[in-house]
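**Student:** With the UniProt record's numbering applied, the sequence shown covers 1 to 353.
Be a bit skeptical, because a hint or two may be false.
Below, a list of computed lysine-lysine pairs in the DSS-like style, where the Cα atoms sit at most 27 Å apart [claimed, not checked]: (1) K274 - K254; (2) K274 - K301; (3) K58 - K287; (4) K254 - K287; (5) K321 - K221; (6) K167 - K321; (7) K274 - K206; (8) K178 - K206; (9) K178 - K325; (10) K301 - K58.
Honestly, the hints are just simulated from the structure, not real lab data.
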Amino acid sequence: MRSHDLWRGAATAARRSVLAVALGAAVLGGGAAHAAEKINIAALTFVSSSPLFIAKEKGYFADEGLDAEITFFRSAQPVAVAIASGDADFGVTAFTGGFFNLAGKGALKVIGAQLHEDAGYDGSAILASNKAFEAGLTSVDKLGGHSFALSQVGSSFHYMIGNVAEKAGVDLASMELKPLQSVPNMIGALKSGQVDSMIIVPHIAKPLANAGAAHIIGWVKDYVPYQVGGLFTSASNVEERRDVVEKFVRAYQKGVADYRAGLLATDSDGKLVKSDTTDEILEIVHKYVYSDDPAEKAYPKIRNGAMFITEEGKLDVEDVKAQVKWYQERGYVSADANPDEFIDTSFIAPLGQ
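Could you put the whole structure together from the sequences, leaning on the hints where they help?
**Tutor:** Here's what the structure looks like:
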């Protein structure tokens, strides 16, 4: 072969090599451009967070182009702080005075609903310790003069006991409120008799009662049906990443629909029944809640803890406003915190619409 033919062949091979590299870069570049958007979600390892678990495990977040990671906390207030500080993008947990203060400063936006106390479903239970029960604390109207465990002053537990006491004719000032910083601390204090009472979600309350570690003396739903918690994000996400928020909401709503179908299905008499999807949903939730227990022990606890969530995650806006007012009247929330400014119903229509 002549030398110029050799040169021509080498040049052609070189061009092909460069073209292949360029095409490869283009493909990689295109893949990067369509890479899933990373989001971090702050939550508690409660059954109430199940729509998140379902959306993640069933690929609803991935279908929306979101790479979702869930970070767990031990009480509600740190969840709100994580969103406000930018450590997490979305949160699902109970409303607290601290939450409303952060929201009132423009740091948070409420965009949907979490749990709702509803008369037709078991919700948060009012518990008495064995020691207190044996000493006479056998009903809610006898709470006066007793100690009560809560996570923090101004927490959802504080709001619930305040309203329950009022409706039951109990002077809250006569009770000793003990802020113990976390739910595990509250449980430990009740079981050991260091506190007389507390309020907690059913997937914790019922096993405690069934094990003889405490007594259920009432239900919050019978005193104060209300919007327990919400779905929220940062104000900056709403303003700068609205498309991401919309994608998150769609995935969350699919998780809510599956949760309701699997764990809240009822018969014609309004009694909970097992649906075609119950086992599938229980398996998913078990990965996050009571994960150390075998399925035969965990599944009944999870079903017992399945509190009501409204269809599509619709928020009871008027009740949230009532909560803000309650906290403001007692000095736990700034007087200038305006729920009309931090509740955003543009993503999910409010309850009643």
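**Student:** For each hint, tell me whether it holds in the structure or not.
**Tutor:** Checked hints:
1. The hinted pair formed by K274 and K254 meets the criterion: a straight-line CA distance of about 19 Å does not exceed 27 Å.
2. Our distance criterion of 27 Å between C-alpha atoms is met by K274 and K301, whose separation comes to about 14 Å.
3. The hinted pair formed by K58 and K287 meets the criterion: a straight-line CA distance of about 13 Å does not exceed 27 Å.
4. At roughly 19 Å between alpha-carbon atoms, K254 and K287 fall within 27 Å of each other, so this suggested pair holds.
5. Under the criterion of a C-alpha separation no larger than 27 Å, the hint pairing K321 with K221 is consistent with the structure, at around 18 Å.
6. Distance restraint check for K167 and K321: the Cα-Cα separation of roughly 19 Å lies within the 27 Å cut-off, and the hinted pair is therefore satisfied.
7. For the given pair, K274 sits about 19 Å from K206 by alpha-carbon distance, which is consistent with the 27 Å threshold.
8. Between K178 and K206, the direct Cα distance comes to roughly 22 Å. Compliance with the 27 Å bound is thereby established for this hinted pair.
9. Of the pairs offered as hints, the one joining K178 and K325 holds, with about 23 Å between alpha carbons and a cut-off of 27 Å not exceeded.
10. For the hint linking K301 to K58, the alpha-carbon distance of about 22 Å falls within 27 Å, and the restraint holds.
Checked against the numbered hints above, the structure breaks none of them.
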